[in-house]
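Engineer: Spelled out from the first residue to the last, the chains are:
Number of protein chains: 2
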Amino acid sequence: MKIKIKRQQLLNAINIAGRAVSVKTTMPILECLLITATEGGVKMMANDMELAIETTVPADSCVVMEPGVIAVDAKLFGDIVRKIALNEDSEILITSDGSLVEIKGEKSLFRIQEKDPDQFPELPMVNENKYINISEFTLKDIIKDTIFSIAANDSNKMMTGELFEVKDGMLKVVSLDGHRISVRNTALNGEYENFKAIIPGKTLNEISKILPGDAEKTVSIFFDENYASFKFGSTVMATRLIDGEYFKIDAMLSSDYETKIIVNKREFLDAIEQSTILIRETDKKPLVLKIAENSLNMKVNSLMGSLDAVIGIEKDGNDLMIAFNPKFLLDALRVIDEETVSLYMTNSKAPCFIKDDEGKFIYLILPVNFNPAAY
Amino acid sequence: MKIKIKRQQLLNAINIAGRAVSVKTTMPILECLLITATEGGVKMMANDMELAIETTVPADSCVVMEPGVIAVDAKLFGDIVRKIALNEDSEILITSDGSLVEIKGEKSLFRIQEKDPDQFPELPMVNENKYINISEFTLKDIIKDTIFSIAANDSNKMMTGELFEVKDGMLKVVSLDGHRISVRNTALNGEYENFKAIIPGKTLNEISKILPGDAEKTVSIFFDENYASFKFGSTVMATRLIDGEYFKIDAMLSSDYETKIIVNKREFLDAIEQSTILIRETDKKPLVLKIAENSLNMKVNSLMGSLDAVIGIEKDGNDLMIAFNPKFLLDALRVIDEETVSLYMTNSKAPCFIKDDEGKFIYLILPVNFNPAAY
Numbered sequence: 001m002k003i004k005i006k007r008q009q010l011l012n013a014i015n016i017a018g019r020a021v022s023v024k025t026t027m028p029i030l031e032c033l034l035i036t037a038t039e040g041g042v043k044m045m046a047n048d049m050e051l052a053i054e055t056t057v058p059a060d061s062c063v064v065m066e067p068g069v070i071a072v073d074a075k076l077f078g079d080i081v082r083k084i085a086l087n088e089d090s091e092i093l094i095t096s097d098g099s100l101v102e103i104k105g106e107k108s109l110f111r112i113q114e115k116d117p118d119q120f121p122e123l124p125m126v127n128e129n130k131y132i133n134i135s136e137f138t139l140k141d142i143i144k145d146t147i148f149s150i151a152a153n154d155s156n157k158m159m160t161g162e163l164f165e166v167k168d169g170m171l172k173v174v175s176l177d178g179h180r181i182s183v184r185n186t187a188l189n190g191e192y193e194n195f196k197a198i199i200p201g202k203t204l205n206e207i208s209k210i211l212p213g214d215a216e217k218t219v220s221i222f223f224d225e226n227y228a229s230f231k232f233g234s235t236v237m238a239t240r241l242i243d244g245e246y247f248k249i250d251a252m253l254s255s256d257y258e259t260k261i262i263v264n265k266r267e268f269l270d271a272i273e274q275s276t277i278l279i280r281e282t283d284k285k286p287l288v289l290k291i292a293e294n295s296l297n298m299k300v301n302s303l304m305g306s307l308d309a310v311i312g313i314e315k316d317g318n319d320l321m322i323a324f325n326p327k328f329l330l331d332a333l334r335v336i337d338e339e340t341v342s343l344y345m346t347n348s349k350a351p352c353f354i355k356d357d358e359g360k361f362i363y364l365i366l367p368v369n370f371n372p373a374a375y
Numbered sequence: 001m002k003i004k005i006k007r008q009q010l011l012n013a014i015n016i017a018g019r020a021v022s023v024k025t026t027m028p029i030l031e032c033l034l035i036t037a038t039e040g041g042v043k044m045m046a047n048d049m050e051l052a053i054e055t056t057v058p059a060d061s062c063v064v065m066e067p068g069v070i071a072v073d074a075k076l077f078g079d080i081v082r083k084i085a086l087n088e089d090s091e092i093l094i095t096s097d098g099s100l101v102e103i104k105g106e107k108s109l110f111r112i113q114e115k116d117p118d119q120f121p122e123l124p125m126v127n128e129n130k131y132i133n134i135s136e137f138t139l140k141d142i143i144k145d146t147i148f149s150i151a152a153n154d155s156n157k158m159m160t161g162e163l164f165e166v167k168d169g170m171l172k173v174v175s176l177d178g179h180r181i182s183v184r185n186t187a188l189n190g191e192y193e194n195f196k197a198i199i200p201g202k203t204l205n206e207i208s209k210i211l212p213g214d215a216e217k218t219v220s221i222f223f224d225e226n227y228a229s230f231k232f233g234s235t236v237m238a239t240r241l242i243d244g245e246y247f248k249i250d251a252m253l254s255s256d257y258e259t260k261i262i263v264n265k266r267e268f269l270d271a272i273e274q275s276t277i278l279i280r281e282t283d284k285k286p287l288v289l290k291i292a293e294n295s296l297n298m299k300v301n302s303l304m305g306s307l308d309a310v311i312g313i314e315k316d317g318n319d320l321m322i323a324f325n326p327k328f329l330l331d332a333l334r335v336i337d338e339e340t341v342s343l344y345m346t347n348s349k350a351p352c353f354i355k356d357d358e359g360k361f362i363y364l365i366l367p368v369n370f371n372p373a374a375y
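If you read the sequences in order, they're chains A and B. Quick note on numbering: the first sequence equals residues 1 to 375 in our numbering. Quick note on numbering: the second sequence equals residues 1 to 375 in our numbering.
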């Protein structure tokens, strides 16, 4: 293989594909990038067996003098390309003799070992019958609005992913971790077959890092039994799906309530952020909300000190005292782009809902126990 | 104590004094800030027994309604002030009853425990007979140019500090770690008594973080037997000095050489940075310099791969092969503000000097052993 390639475009490709390189693995080949040069251009691929990313360097940014395939350690190769030529329009010459790769910049020549490209796992082929098209911007937004409430650890595999459900022209995305549920509904443009899939949270995190987020550009998402693939620009990401039937959540999303409040989001968020100063993860002190006619009192009593904060609200229904882990309120409020938010509650034991009137999002948060006499 | 104080100025004072708060200590009082309100204004102090910092909140930024002294946990107090009132011109009301401090913002009231202010160690008094004045900018520059070559660990206490020597109107600052020596000379404005002191590296690091670095503003540094103090703006930093006689380095700074080269700093630095990609701290492979008539060849051979880099140079004297730990070259080159640098060498076993013609800086770097046949 022999190619000449623009440094900046090569680096972009490394940065994109590199997100699927394994960091901890017993298979050294998964720490590699696979570089395939054909007359059509140069492709870069990484695959950690959960997620595979393939991206193509634009044809006007490379010259393929001799086609071929090589596998190189991703970190080492990336470090070299990053440092070998520092001008945006520098060109790099990459030559392989089957055992050593030469990487040549203006003043420097690196030689590194190749790995066996035949050992490299292939990009999974995803049947393209079922799919949706969605704008880059919207997909990124949906992920941001839901990804925080997946479960961090693997004890329940299903909770580490998000449900993507297409039904009658709507995309519903759901994540939950046992303490809370996030639901994000999006109307799709176009007619699509109904289906469901559970996409690993790690995949969604990586996609949202790579996606430029352009509102005018489309991502196509293809789904089959075991894999989904995301196509955008010159990049394909193929991910394994999580197997099984997702949690039934519809019954939990009842719309009854005894107390509804409308709060200024900024004021509410500021007070909750203040409360976290006094609450260590380990001592599990709650943030207590005292809802009265026109005011919301927020109280914390912990070993570190106490907080009393008051903000004005609009209230509909009963007065109520209810307590939360403030982190769960914060996570939801931080992604809501509204000036005011509405909270719906029934009693101090029943879930609280933060939702909008249009049905775009629902955040269900379970309250925590507390001793009302102490507040 | 009862004071009303502008949030932004309070935060500045916390950030400055906070740099002398102990992070790991068996004396909880050292994790505190001491706040002293008098009719003259509000002072904030922290003291980790090595370094003490006292800073004053400008009188136009606070109202002292009731003088007093309190000690509060620095981290907790800082977190509260940072989050309690988010506008630049917000005011915070701080009230103490001798056991609890109330911190009141617009919508929130925090209560935290006070610590006993009588336990707080006093700011060391430094005799002001011996001193120098120097601009903030110059002091910051001197520290940056030398601090990297102090020793990181305590096995030789003297190496963790820097020599500040005033002699005949010149300030000489020296740091060394057994592999290299950095010397920075500065002509002082004014007449000062000759003296020497060894200032802890940690103190210098903290000063350079706090110092605004204004070329028009002066820092006064006072020295006595055991302490030095730095005064600038409304801040005083008092530091314990390192005891003992500093290393005699003058004999090592011989000006003989057999080979002198002049290199473009950027090109040299780029090649050295490339070399570090292939060199892990643990395998200790050297960067080999092959100096010939008009060219400098830089070579690395390691388990990870090989590098050949070539740059043009001006040479005076003998050809030479010599090897270095590239990190030591990097550290020195990164702080030198010149387009070209001059290196002076004798042979592959003798130290290399990087220095300027004006005698402002000298960086001595010891070479490392290598096998010339392998390069």
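One or more of the hints may lead you astray.
[Said to hold, decoys possible] Listed next, the in silico BS3-like pairs over lysine-lysine satisfying Cα-Cα at most 30 Å (straight line):
1) K43/B x K83/A
2) K265/B x K285/A
3) K104/A x K75/B
4) K83/A x K265/B
5) K107/B x K349/A
6) K202/B x K248/B
7) K104/B x K130/B
8) K104/B x K265/A
9) K248/B x K144/A
10) K4/B x K75/A
Just so you know, the hints here were simulated from the structure itself, not pulled from any lab data.
Engineer: For each hint, tell me whether it holds in the structure or not.
Structural biologist: Checked hints:
1. K43/B x K83/A: Between K43/B and K83/A the Cα gap is close to 48 Å, so the pair fails against 30 Å, i.e. violated.
2. K265/B x K285/A: 57 Å, violated
3. K104/A x K75/B: Status violated; Cα separation ~51 Å.
4. K83/A x K265/B: Satisfied, since the Cα-Cα distance of roughly 16 Å is no more than 30 Å.
5. K107/B x K349/A: 28 Å, holds
6. K202/B x K248/B: 22 Å, holds
7. K104/B x K130/B: 44 Å, violated
8. K104/B x K265/A: With a Cα-Cα distance of about 21 Å, the restraint between K104/B and K265/A holds, given a limit of 30 Å.
9. K248/B x K144/A: 60 Å, violated
10. K4/B x K75/A: Distance ~54 Å between K4/B and K75/A Cα, so the pair is violated.
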